[in-house]
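> Could you build the full structure based on these sequences and the hints that come with them?
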Amino acid sequence: MSFISNMPKDREMMLKKIGVSSVDELFKDVPADKRFPRVDMPKPLSEPEILLELSKLSAKNASAECYDWFLGAGVYNHFVPSVVGALITRGEFLTAYTPYQPEVSQGTLEAIFEYQTMISELTGMDVVNASHYDGATALAEAAIMSVRSTRKRHKVVLAQGLHPEYRDIIETYFQGLDMELSDGDLDDQTAGYIVQNPTWTGEILDVKAEAAKAHDAGAMLIVHTDPISLGVLEAPGACGADIVTAEGQSLGVGMNWGGPMLGIFATTQKNIRKMPGRIIGETIDERGNRGCVLTFAAREQHIRREKATSNICSNQGLAALSAAIYLAALGKSGFKKVAELSWHKAHYAAAEIARIDGFSLKTKGHFFKEFLVETPVPAEDIFAKLKEKFILPGLPLSRLGGGDKELLVCVTEVNSKEQIDRLVAALKEVK
Amino acid sequence: MSFISNMPKDREMMLKKIGVSSVDELFKDVPADKRFPRVDMPKPLSEPEILLELSKLSAKNASAECYDWFLGAGVYNHFVPSVVGALITRGEFLTAYTPYQPEVSQGTLEAIFEYQTMISELTGMDVVNASHYDGATALAEAAIMSVRSTRKRHKVVLAQGLHPEYRDIIETYFQGLDMELSDGDLDDQTAGYIVQNPTWTGEILDVKAEAAKAHDAGAMLIVHTDPISLGVLEAPGACGADIVTAEGQSLGVGMNWGGPMLGIFATTQKNIRKMPGRIIGETIDERGNRGCVLTFAAREQHIRREKATSNICSNQGLAALSAAIYLAALGKSGFKKVAELSWHKAHYAAAEIARIDGFSLKTKGHFFKEFLVETPVPAEDIFAKLKEKFILPGLPLSRLGGGDKELLVCVTEVNSKEQIDRLVAALKEVK
Amino acid sequence: MSNLWKISGEGRSAVYLPGLDVPETPIPSELRRQEEPNLPEVAEMDLVRHYTNLSRRNFSIDTHFYPLGSCTMKYNPKVNEVTAALPGFRNAHPYQGDDLSQGAIELLYRMQEQLTAISGFEATSLQPAAGAQGELTGILMIRKYHEERGELEVRRKILVPDSAHGTNPATATMAGFQSKEIPSDKKGNIDLEALRAECDETLAGIMITNPNTLGLFEENIVEVIDAVHKAGGMVYGDGANFNAVMGIVKPGELGFDVMHYNVHKTFTGPHGGGGPGAGPVSAGAALKDYLPGPIAYKKGDGYELKQPPKTIGRMKLFYGNFGILVRGFTYISMLGAAGLREVTENAVLNANYLKALVADNFPAAYDRNCMHEFVCRGDIAPGIHTLDVAKRLIDYGFHPPTIYFPLIVPEAMMIEPTETESRETIEAFADALNKIADEAVNAPELLHNAPASTSVKRLDEAGAVKKPVLRY
Amino acid sequence: MSNLWKISGEGRSAVYLPGLDVPETPIPSELRRQEEPNLPEVAEMDLVRHYTNLSRRNFSIDTHFYPLGSCTMKYNPKVNEVTAALPGFRNAHPYQGDDLSQGAIELLYRMQEQLTAISGFEATSLQPAAGAQGELTGILMIRKYHEERGELEVRRKILVPDSAHGTNPATATMAGFQSKEIPSDKKGNIDLEALRAECDETLAGIMITNPNTLGLFEENIVEVIDAVHKAGGMVYGDGANFNAVMGIVKPGELGFDVMHYNVHKTFTGPHGGGGPGAGPVSAGAALKDYLPGPIAYKKGDGYELKQPPKTIGRMKLFYGNFGILVRGFTYISMLGAAGLREVTENAVLNANYLKALVADNFPAAYDRNCMHEFVCRGDIAPGIHTLDVAKRLIDYGFHPPTIYFPLIVPEAMMIEPTETESRETIEAFADALNKIADEAVNAPELLHNAPASTSVKRLDEAGAVKKPVLRY
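Chains as they are written, first to last, in UniProt numbering: chain A, 1 to 431; chain B, 1 to 431; chain C, 1 to 472; chain D, 1 to 472.
There could be a bad hint or two in this list.
[Unchecked claim] A few chain C positions that, by computed beta-carbon distances, are all more than 10 Å from chain B:
(1) Arg149
(2) Lys186
(3) Arg196
(4) Ala197
(5) Lys298
(6) Glu304
(7) Pro363
(8) Asp367
(9) Arg377
(10) Gly383
(11) Asp431
[To be verified] Cut-off 27 Å, straight-line C-alpha distance, at most; resulting in silico cross-link-like pairs (BS3-like, lysine-lysine):
(12) A:Lys387 / A:Lys60
(13) B:Lys336 / A:Lys43
(14) C:Lys467 / B:Lys274
(15) C:Lys299 / B:Lys56
(16) B:Lys431 / B:Lys385
(17) B:Lys56 / A:Lys56
(18) A:Lys336 / B:Lys9
(19) D:Lys298 / A:Lys56
(20) D:Lys298 / D:Lys310
(21) A:Lys274 / D:Lys466
(22) B:Lys43 / A:Lys417
(23) B:Lys307 / C:Lys466
(24) A:Lys60 / B:Lys385
(25) B:Lys60 / C:Lys299
[What the hints assert, rightly or not] Footprint (simulated), chain D over chain B, 3 or more residues, beta carbon under 8 Å:
(26) 47–60
(27) 72–86
Think of the hints as simulated: they come from the structure by calculation, not from any bench. We treat Cβ as the ideally placed atom computed from N, Cα and C, and that holds for glycine.
Shown next, in the form of structure tokens:
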């Protein structure tokens, strides 16, 4: 069985109508010597068997609900309300595709139109696409767009504090392009200036100052941000950003061992035609009724071919829907509360940890929900000890090229005081 | 918050329209000295908190997927295909109620009509209601119906082999009624004769002979059966049953620590008006289009009041829907295969266990998927030892009033040979 | 409409099962069924498409306002479905033993405590499967109480006000009592004179729905209970309308002896197209030992299941509709005492607001503040019946209210908006009703021909009985 | 239609959050945002009702036949959703370490092996997030290959047949190549002469969609690959149509150097209204060391994640769209090799059957056996365009096929029924198409005015660009 309806009798009838005597005959265009090869794969499993098998594999992974969880670094353990799962699994959302036929796709189209609206509100930007694979590919496409928008410039400058894996991905995307990634100063060759705020180790930057710096050099300011932080922090749009990207995983998508995630991309009205990705617009039908459609398709690969703004086609539609439902579920007050709870709990945790003999805070200035701690012993050792107590204390920065004695701690609204106190108590014992 | 939309501002507007100055005023009919009492309850939990709390409670229970599972005795670990859960959680099914308004309830009505059809096919009976709380209450109502149908008789006779908890429930239901439950012979006072097949300890009876016995005495034959067994065993309708009841939990409902379950009830055409519970019928609308409606409502409590066939109102609608989806998912061949796999695996297990020194088979004659084993040491001791190895070997019959050295073993299509062999190996070690 | 059998093809199936991995044991031919059951044969996709499209032909809370009076069609939180699906609840077995069921028993224990606290009784059994079974439980408890006191022979009468729930008389019958109807007075209360006349030595008890099916709180509740108690009768409370009094008054303190709850109404178990529900029962000092069980008790650091000392026995298998109880426990635990009172306040406020908004065209049958619902009439113009108004509401995108019940109001419409509906939704519904009142006069054919917007029109219900077609 | 903002009320929210249980740390006012984001404010029920009703305005596989050419809209088994939601998959973090991720890494490893086996390549990376990213991956690998051989300076050209997928030219551009279109011959194959003319020292490679977007298997595939290889070019396979060749031929054995898959097409990841997908890439001996990673490897009794030796780097964060990979792994593991071949056979059979059923009115653009899809034209009568036929299909309850693609067939309709549709559904769709052909002549207004059955009619797409409204 292969989820197929047709039985041998059906197939016989069909072959007769087609006018061939066997299914094999339909493959006569395939080189005979290569046709019907032997394929070695494990024997098929029935539904109860695969469920058991995968339950076992799942059980071999750490799972957030079994730990006091302080690991973030780009993927966050924010709460996903039950409504999100209940709604995105509706077959009409889950098993539709790109809304090419708007009359029978208003569900997807309106939901994404709402997503665009809400992300526009969060970021303070005019235009939002829907969507990119993750924050890093969104950022890479933003970098490319900045170069393409400012004709004669070819350089993109990175401010300090960008997540190292993001940098890797921009480098991959830049490989074939006549574009340069630089850690140096801004100059008259600089098309885009990338600032992550808060930085990947937690520090909150002065984005307005960064914007001035970019604009003084004639470059676009690209801000990559944590969308949850926008519950309390100033919107990048209000600070002068030209492009905003973000990782939307925190917005109801879940951790998923790092995928699917959600690449958020927003820019100003004047950049619409340079923007990659899908956009939904509102219009009217023959009777004057309001409806939504895919729009500005002339930018896209299937129309503009080699001159397209990007080759992106399938995106993270269902994750964007999750984010829309998440934001609408929390609403104005709830979303702010998530950000505030994360702030207060993180600051409580930071203060308590800083008080432990041998530990100190390395993040300079303000932070939001994540902060870097200097540890008295290698952070990997701490991780190894605490995981036995079902505490994941954060990211040993050495895993991503940082120092041995650096631990990146993340605290969100799901961490109770009790959990934080357990973490602190456990850290006290590690020396 | 209490899942309420209206905010204080809304409430003010509403009170004004009503013409009262406060919500409290709306309760002035409540005796003043008893009004607004103090209520002591634990402090409310947020959504993430209740999820964590209940995950912890859930983790304190044994759960079938973590064990080699041979425990049955009326609640069975048959496989529930993933489609069942995916479909019954659709809001339109889950959050509708009794289909009083057929024009906007055709989904529920047609699905239950299909349920009636499929159960009619399984049992070989003409008419099926939808539904009872569980197999035992269905059987109790069948017993009552037999007495009410045969005017001057007041006795219901139980054959040997009825599940002891079922007997308890019939006794509870008979408490207030002028009806007698008897273990004696059938006589001219006997209205109904109850036969469980297979018996609760697994034995397959000669239902045709039992039917002859009942009918010779002028009594109705009531057969309570395991619906899965009807994948291979003769339908009770074909054996002469007048009423068939069954526990439908095996049909995609899941174990649920014993509830919800599904009471199946079927009878012959001539008994329709005596039958308790809801019935769906097909009819046509003004344009001649086919549609379904609740029918024969004149039997029911809300119309017939104290003369109703039963007081049943809410039933197990969603469980009946699960059963319909389950049966349709397996289909003719799949349903038969579940029954056959259960048969073959149970017989393999029985043969292997009987071969162990000190163990022997106590079920006489044929059995289907469940059989009674005589154990060399108390069955409770075996249970206690094997559970440490994550094997639940069956029901120690002493838990329901049976002998100390009796173990009721159940094997279904989900038990692999490997699991059975592990059970056998573990049993070998208990002595 | 698709029909599963019409889209069936021989040999198709939607489920992959494991292969046979043990030796075959032949099934004796004398046991084999002669004719195979004619089940549908479809692949998974056709199955899913069939049921998905079927579901789309339902109105439901998740899609429409559904003010079905007396059914408390409030919103069912999605978190309930997540908790009820936890593996230790969904895949646990009732006979796995107390030691392997500590989480489940603890949940029962805590929910018993919650219900006991909010109702003011002394003990609670979660076993009954639905409201009607909860009623039967209560009356059987009263029965056994009289029996043990040697008075059952004479106490044969259960009083049922004419404003009580429809199940009550049938329940009294199932418990072997004669039910006797008590009329309502002109304010919609129990007629005290009529009641007192029945309070004699043959009285076993009374079944009181409070607020009653008119949506009115019994103003003389203390007097009623007192009269029954003085005659030696017991007072049963039909708690189907408990959504109207949580945190406002404790029935146990009013003098009720026993009461059931509808978890699928008050405590957001989903209605499931007809169930499953759950109908726990609480009792005061006189009756608590008769509760059906098993009931959860504390035992050392853990919990155990036991029968109360004088129990009437088991009402159903095992420990109630546990999956529904998990949902109810989730909800109650999230709300707490203050949240439950907020529920009631808003349920009552919504009902009174709606009543006020439609008062010109659909005046309530009794001119008092209502509780969580109110009753009015649908015969608002010549030739127009309640059925017409109900069907016309469908065209406006609303599920009709309960109609032709309670029986004491002719052409009744019983409207229960519940607390989870927003002010805006209540207003939209009121607008629709008021427009229909206008149509009833100016365009009555719109009502007579309603619903116009559904896949089937009004169905021939008489025909369904005359020529029964009860399966494909 | 409801609009979340129109039904909002100040202060409403659908989520209960925990209270603050730690001391407050004031947020400096200079950091605080000046204006709060105007998010909707609704209770959970209004939210659920809004999105539930929105969803009901979609066609989808679960509700309708959806023969969108080149998108492989096959059925998505429900078991996939269960496995992907297992807590160790859904609630795991990419940085929790290999030792706490053994189950996930093992799954990657086993899926890499599965794909390698069915495709005949030597190694597989599961990292790319979608088909287009898989394409970019393949071309970047080719790029680095030439670069390491010192030939990149001259090898600037990527050939793209005009029957290739639409993303291919844009992909070549993103990798810094010039794309050059190669025409099709009159049988729908790559024009060999034209190809050979381009096979010079500037050739970096070719992107072949096989079967191509006409649904035809490239008859000269061996010659094509040979010509490219002889010129020093590498051959990239667009595996979006892999559903047509599983178990029939291994692209690795045909000589392809690298190929991507679409897990959301071939391996039943749900399409989700536009994604997420997953676009794993397999490579042969020449290119496998360039694969992006990390990739799963065996290590002792367990598994580890590592970058291949000459990797092009990371294509996206972490390890790919893992949740989609779980679904694909579930599906592949249930089917095995024989099942996957059965899929292909039935996909091709269904397409040819449908092609035969509509041949009189909608002859295929190329008169050959098709593979999993075929292309015909919709301008079947004077004044009738493909768009009209497409919209009219909606009235018959079918999602339209892909239209106006591929560009090489004017007024194209690209129809892919997939293997999961039953013979009966194929026939019903063919009936509808044939009826529409009749209507096109006898009642053309039905086509021009279609769809008549939807909540919105044809929408003004030009207006959407002229006056952009991109948010509420």
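> Report the numbers of all earlier hints that the structure fails to satisfy, in ascending order.
none
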